[in-house]
Amino acid sequence: MTSSPKSHWEWLEETEALFTRLEAEPGWTQMRSTKTDHQTKYLFSRAVTENGPIIHFALFLHEKDGKLRGLCQFGEDANSFMKGSVHGGAIATMHDTTTGVLAMNMGTKKMYTGYLNTTFLRPIRVRSTVLMEAVIDKVDGNKTFLKGYLKSPDEKTVYSECTALYVNADKAAGSNM
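Counting from 1, one number per residue, gives the positions in the sequence shown under full-length UniProt numbering.
Hints are computed from structural coordinates only; laboratory data are not their basis. There's no promise every hint is true.
[To be verified] No more than 20 Å apart at the CA atoms, straight line, and that leaves these computed lysine to any residue pairs for SDA-like:
1. 151 / 169
2. 110 / 145
3. 147 / 133
4. 156 / 127
5. 67 / 161
6. 147 / 113
7. 109 / 159
8. 110 / 140
9. 138 / 165
10. 147 / 88
11. 67 / 113
12. 109 / 169
13. 64 / 31
14. 83 / 159
15. 67 / 31
16. 67 / 127
17. 143 / 105
18. 109 / 155
19. 110 / 138
20. 151 / 114
21. 67 / 109
22. 151 / 110
23. 64 / 120
24. 67 / 152
25. 151 / 120
26. 156 / 22
27. 67 / 140
28. 147 / 126
29. 147 / 63
30. 67 / 110
31. 138 / 152
32. 109 / 136
33. 67 / 106
34. 67 / 158
35. 147 / 101
36. 147 / 116
37. 64 / 87
38. 109 / 62
39. 67 / 13
Produce the complete structure using the sequences and hints provided.
So, in structure tokens, the structure goes:
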């Protein structure tokens, strides 16, 4: 399918449908959306090229359950060396984004990534719709451990998964943040 450059600035129909589904689920609050939010230029996940956003996404938080769900659609400029497949760095960026937003909204606002271990299970096609999930695994003092998943919208295919550690910057030993 050939698409015009303008279409790269817009969500796919499947992405719109997933957004509508997530928005309708009870208990979830929309946190961020590249479709409606003011563009924050200093965030890598908000990078834009002449072809449009590298990553379109929206995030929803379920504060009571300590979970985050969202959607993303990788643009043409997220290509890997295997043209048509998303670059691993773009995938890891979305794992860092989902786990980081969850950690900072369920704990303290000042946290930093201690580690992010990503396992790539299947390639993700550029310009396809992806369901994202993040959950808190445990909290141990100033450390928050999380798990994250990028899946097909029907949840039958897991493209990648991650484990992450976020550290409270206010309590970190030797922190100057």
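Status of the hints after comparison with the structure:
no., hint, result
1, 151 / 169, "violated, 31 Å"
2, 110 / 145, "holds, 15 Å"
3, 147 / 133, "holds, 8 Å"
4, 156 / 127, "holds, 19 Å"
5, 67 / 161, "holds, 15 Å"
6, 147 / 113, "holds, 13 Å"
7, 109 / 159, "violated, 29 Å"
8, 110 / 140, "holds, 16 Å"
9, 138 / 165, "holds, 10 Å"
10, 147 / 88, "holds, 17 Å"
11, 67 / 113, "holds, 18 Å"
12, 109 / 169, "holds, 9 Å"
13, 64 / 31, "holds, 15 Å"
14, 83 / 159, "holds, 17 Å"
15, 67 / 31, "holds, 12 Å"
16, 67 / 127, "violated, 26 Å"
17, 143 / 105, "holds, 14 Å"
18, 109 / 155, "violated, 30 Å"
19, 110 / 138, "holds, 18 Å"
20, 151 / 114, "violated, 24 Å"
21, 67 / 109, "holds, 16 Å"
22, 151 / 110, "violated, 28 Å"
23, 64 / 120, "violated, 30 Å"
24, 67 / 152, "holds, 18 Å"
25, 151 / 120, "holds, 11 Å"
26, 156 / 22, "holds, 17 Å"
27, 67 / 140, "holds, 18 Å"
28, 147 / 126, "violated, 24 Å"
29, 147 / 63, "holds, 16 Å"
30, 67 / 110, "holds, 19 Å"
31, 138 / 152, "violated, 26 Å"
32, 109 / 136, "holds, 15 Å"
33, 67 / 106, "holds, 9 Å"
34, 67 / 158, "holds, 18 Å"
35, 147 / 101, "holds, 13 Å"
36, 147 / 116, "holds, 9 Å"
37, 64 / 87, "violated, 34 Å"
38, 109 / 62, "holds, 17 Å"
39, 67 / 13, "violated, 25 Å"
Hints 1, 7, 16, 18, 20, 22, 23, 28, 31, 37, 39 from the earlier list are contradicted by this structure; the remaining hints agree with it.
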